[in-house]
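Heads up: the protein sequence lines correspond to chains A and B, in order. Numbering-wise (the numbering used here), the first sequence opens with residue 8 and increments by one. Numbering-wise (the numbering used here), the second sequence opens with residue 8 and increments by one.
Hints should not be assumed to be uniformly reliable.
What the hints assert, rightly or not - FRET-style restraints, in silico, Cβ to Cβ:
id	chain 1	residue 1	chain 2	residue 2	range
1	A	His79	B	Asp90	20 to 30 angstroms
2	A	Gln131	B	Asp90	18 to 28 angstroms
3	B	Leu37	A	Arg76	46 to 56 angstroms
4	A	Lys174	B	Leu61	27 to 37 angstroms
5	B	Glu71	A	Lys174	46 to 56 angstroms
6	A	Asp27	B	Glu71	13 to 23 angstroms
7	B	Pro69	A	Thr24	42 to 52 angstroms
Stated by the list, open to error - If you want the footprint, here are the derived chain B segments under chain A, 3+ residues with CB under 8 angstroms:
id	segment
8	77-86
9	119-131
10	156-168
For the record, the hints were derived by calculation from the structure and aren't laboratory data. Model, not experiment: these values are computed from the prediction. Note that beta-carbon positions come from the ideal geometry of N, C-alpha and C, so glycine has one too.
2 protein chains.
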Amino acid sequence: MDFVASVVTGIATLTQTLEDGRTQMVGLLLPSDFVGRPGREFAAYNVTATTDILMCCFRRKPFEEMMERTPHIAQRLLQMTLDELDAAREWMLLLGRKTAREKIASLLSIVARRDASIKLRHPQGRMTFDLPLTREAMADYLGLTLETVSRQMSALKRDGVIELEGKRHVTVPDMDRLLLEAGDDNDGGFLV
Amino acid sequence: MDFVASVVTGIATLTQTLEDGRTQMVGLLLPSDFVGRPGREFAAYNVTATTDILMCCFRRKPFEEMMERTPHIAQRLLQMTLDELDAAREWMLLLGRKTAREKIASLLSIVARRDASIKLRHPQGRMTFDLPLTREAMADYLGLTLETVSRQMSALKRDGVIELEGKRHVTVPDMDRLLLEAGDDNDGGFLV
DNA sequence: CGTATTATTGACCACTTTCAAAGTGAGTGG
DNA sequence: CCACTCACTTTGAAAGTGGTCAATAATACG
Chain A
8 MDFVASVVTG IATLTQTLED GRTQMVGLLL PSDFVGRPGR EFAAYNVTAT
58 TDILMCCFRR KPFEEMMERT PHIAQRLLQM TLDELDAARE WMLLLGRKTA
108 REKIASLLSI VARRDASIKL RHPQGRMTFD LPLTREAMAD YLGLTLETVS
158 RQMSALKRDG VIELEGKRHV TVPDMDRLLL EAGDDNDGGF LV
Chain B
8 MDFVASVVTG IATLTQTLED GRTQMVGLLL PSDFVGRPGR EFAAYNVTAT
58 TDILMCCFRR KPFEEMMERT PHIAQRLLQM TLDELDAARE WMLLLGRKTA
108 REKIASLLSI VARRDASIKL RHPQGRMTFD LPLTREAMAD YLGLTLETVS
158 RQMSALKRDG VIELEGKRHV TVPDMDRLLL EAGDDNDGGF LV
């Protein structure tokens, strides 16, 4: 791991695996996200591009030296890392305590929220977006099997919480309803 | 949240809850751990002392100013936050993909490892330590019910992986066996 | 002691997984 | 242009893990 980098365009995932192949996604890297750890020689996670991806790379050593000289960088990196920690902890709650249906609804509401923020709109009312993940990637993110993901997507569709065109294009008729299904009391506020 | 603090002695937990009361522990605060977030007004988690606790508190504003003036502090805080992020991600793998038995074995091996490091010994062979958590706290940490925790503790005892004196005092006859039960390929290395 | 808290154990059930089969759709090459 | 293939997805049936509810046991504490 001789580089640190920042995602410019495209999507990548951070995963960890057990020896028998069970895998858990521990992070989703979207444009503007930072990859790599100053002061560490080896990568702790598998980083996988799920689309074509463009990253802005820095050699690790020079980057570390620059960090020494420029206090503001460490401070900014600290903010970003604290945000990631919050997201990770939010995800721990999801993984440890939510039902399959709530997990799916949570993921959908996160993607919807992020999509809305890109389009500079409020996440409410009727919303439409594309899922950037396969069912398997969703399963790895949510700690489920892909069959369960598929079943719960079908169930949410059957119950009118979402509408599907093809496999990836989702529309949410009523964002509040989705948030209710996600089970969060506080209406989210965490970012992927 | 007008303070940030560092734990001096005692143990506290960081938890999140869903509206219906389901709770998930997202961090365990041990001596030397840092609590609070520079640049944030409100607490995102419930902090609960599980023992008498002594913390070294700083008013948030002056602390933030000090951070501005003393680059080294931000850098040190960044290292600590990155370590916490690693621990959180390791925990995501546990919550999302491990079985109840593996979860218990993982928790025990973490406590054993930490205890060994305090006593400056290698975590191997026969080990003895106290659990700093109730069954309920273990359950909240592992994303299980306390009944399942109890059952799996009994099962590990029955299978000779651990021995129990009272509820809290554990001895592990063979650390390698426990690590095997924990299911981690790489023999851990993550710290609570 | 008696009471409250914490832990164990059992019976039953629900949800998620596992295993298996079939469906969908995009891309390729004949 | 169409059939074929491959990857992805959906759906079903059966099995299993962990959860729920409830009763009992152990321990601490006044």
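Checking C-beta pairs, does the segment 119-131 of chain B have three or more residues closer than 8 angstroms to chain A?
-> Since 0 is below three, the answer is violated.
Per-stretch coverage check for the segment 156-168 of chain B, three Cβ contacts closer than 8 angstroms to chain A | Answer violated; 0 residues pass the 8 angstroms Cβ test.
Outcome of range test on Cβ distance (aspartate 27 of chain A, glutamate 71 of chain B; 13 to 23 angstroms) | Violated, at about 46 angstroms.
May I ask you to test the hint 27 to 37 angstroms on the CB atoms belonging to lysine 174 of chain A and leucine 61 of chain B?
-> 55 angstroms, violated
CB of proline 69 of chain B to CB of threonine 24 of chain A, is that within 42 to 52 angstroms?
-> Hint holds: Cβ distance 44 angstroms, inside 42 to 52 angstroms.
Hint check for lysine 174 of chain A and glutamate 71 of chain B - Cβ pair distance inside 46 to 56 angstroms = 47 angstroms, holds
Are glutamine 131 of chain A and aspartate 90 of chain B spaced within 18 to 28 angstroms by their CB atoms?
-> At roughly 38 angstroms between Cβ atoms, aspartate 90 of chain B and glutamine 131 of chain A fall outside 18 to 28 angstroms, so the hint is violated.
Holds or violated: 46 to 56 angstroms for the Cβ distance of leucine 37 of chain B and arginine 76 of chain A?
-> Cβ of leucine 37 of chain B to Cβ of arginine 76 of chain A: about 34 angstroms, so the range 46 to 56 angstroms is violated.
Coverage claim, chain A over the segment 77-86 of chain B, checked by counting residues with Cβ within 8 angstroms (three needed) = holds (count 6)
Distance restraint hint 20 to 30 angstroms, applied to the beta-carbon atoms of histidine 79 of chain A and aspartate 90 of chain B | Holds: the Cβ-Cβ distance is about 22 angstroms, inside 20 to 30 angstroms.
The earlier numbered hints that this structure contradicts are 2, 3, 4, 6, 9 and 10.
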